[in-house]
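There are 2 protein chains.
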Amino acid sequence: MAARLVPVSDPGDPRLADYVRLRDVNLRKSLETEHGLFIAEGEKVIRRAVGTGYPARSFLMARRWVEPLADLLDTVDAPVYVADDATVEAVAGFQVHRGALASMERLPLPPVEDTVAGTRRILVLEDLVDHANVGSIFRCAAALGIDAIVLSPRCADPLYRRAVKVSMGAVFAIPYARMTNWRDGLDALREAAGFTLLALTPDQSAVPLDKAALGERVALLLGAEGDGLSSRWLAEADERVCIPMSGTAMANGVDSLNVVAAAAIACHALMRS
Amino acid sequence: MAARLVPVSDPGDPRLADYVRLRDVNLRKSLETEHGLFIAEGEKVIRRAVGTGYPARSFLMARRWVEPLADLLDTVDAPVYVADDATVEAVAGFQVHRGALASMERLPLPPVEDTVAGTRRILVLEDLVDHANVGSIFRCAAALGIDAIVLSPRCADPLYRRAVKVSMGAVFAIPYARMTNWRDGLDALREAAGFTLLALTPDQSAVPLDKAALGERVALLLGAEGDGLSSRWLAEADERVCIPMSGTAMANGVDSLNVVAAAAIACHALMRS
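Heads up: the sequence lines are chains D and W, in that order.
Residues in the first sequence are numbered from 0 upward in steps of one, following numbering that gives the first Met the number 0.
Residues in the second sequence are numbered from 0 upward in steps of one, following numbering that gives the first Met the number 0.
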């Protein structure tokens, strides 16, 4: 099968509707939800998305990016819109440095219980709203052997373009699911699946992470930077754990890590058994 | 002493020259070097900069930000330019969400040997070019008890606005210095100051960080994401250390952490003794 190259030159071409204003978060959220799509950007990420089994709806790129992706484009039954840089920029709303864009079809997320079946170490993200943080945490989790990630109902979308990009495609490598119910979500994990729930908190009176007893199945709960975990989740956890801070830092008021740094340290600590 | 409030309304006012086009990296680099200044953004960061002893050249803010900073502005001998949001945005080139800006005077950096005197755990950053990464690493290092940071000659400036902001002011809390010479810089650290040099590498054949022998004085070398440490520095280190990756991740090609996540895990590991 040969790639279906389709030259385009009009930024208003309705066939390019999947790619409009990629930096307009509100527009993109509603557009992507309505049409069940997400955007992959750059050769590496596109290869991972296709390799994971997401069906491609279409591609959009300047001519020079066709050749590096030719082997993949030849195997995919989707149009490849080829435009000059100015047209791509006019559609996307910014200069697309990584060259190629793909519009991919979302797949239905499995239920939480299916996603965590057979896993030993998972993260549970509560209401992280920053897409870059979510993407970075997926990257850390994948590299450090976390088996799956569960998202609270309001947590940011891992398939949002910026999350996908920052994750370097790790959002495709690690299974994840979204709780349908924030209130009972933790109970379900503990009671049905037998996870020990560890709540990560900056509170230095909590158990240092390296000293926490890790059971057979551990779910580490991470809250958003700033607010941290909700008091409900903190209270429902089996144990509150912390990353010990330097005494000097505390005295200087430099007393916190960003959520990605904290997640990285925590994932590393979970690898120890 | 009362704050010297100076109403301004012309974005071209030469007294606001320190604040022009804050997102124009090339312009800012030359302007800040030439005038020996840096920009602090937001109440918290400004308080830390002033508290650390950097002299203020001036402030620029909308009227509503004066009150929260009034106690500090009353103690500082520098003009406070007060403008409406549109004027601030016209000068800075973007909408300044955190409200207040301060132009601060740089202080001469101490020599490397003075900065590392009496320290036990330091980071040495080789040619990190991303300001956000540098700022994030300072934040991790400060929170996790690193005593000082040494920069290679070409490493990005920790006092660049974005680095300062991302660091949450940690760039003021942790002493740092810049090598004058990349070629001999490591020798000087080892021979004059007695540091054991550990080079962090993604290469999984290196010694796992948690197993590395930590001497009395340890300098952890971090390279830029992508290229990593130069072969010269890798060869000059006393030991090459790595963060163990998950076998599944390696098989899936998700085989790397971003440099901030790696730095966070490494700083945490250095705290163990």
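Note that these hints are calculated values from the structure, not bench results.
Because the structure is a prediction, the values reported are computed rather than measured.
Hints may contain errors.
[What the hints assert, rightly or not] One-sided excerpt, in silico: chain W residues whose CB lies under 8 Å from chain D:
#1 V19
#2 G92
#3 N257
#4 I264
All residues carry an ideal CB built from backbone N, CA and C; glycine is no exception.
Structure-based check of each hint:
no., hint, verdict
1, V19, "violated, 23 Å"
2, G92, "violated, 16 Å"
3, N257, "holds, 6 Å"
4, I264, "holds, 5 Å"
In this structure, the hints that do not hold are numbers 1 and 2, in rising order.
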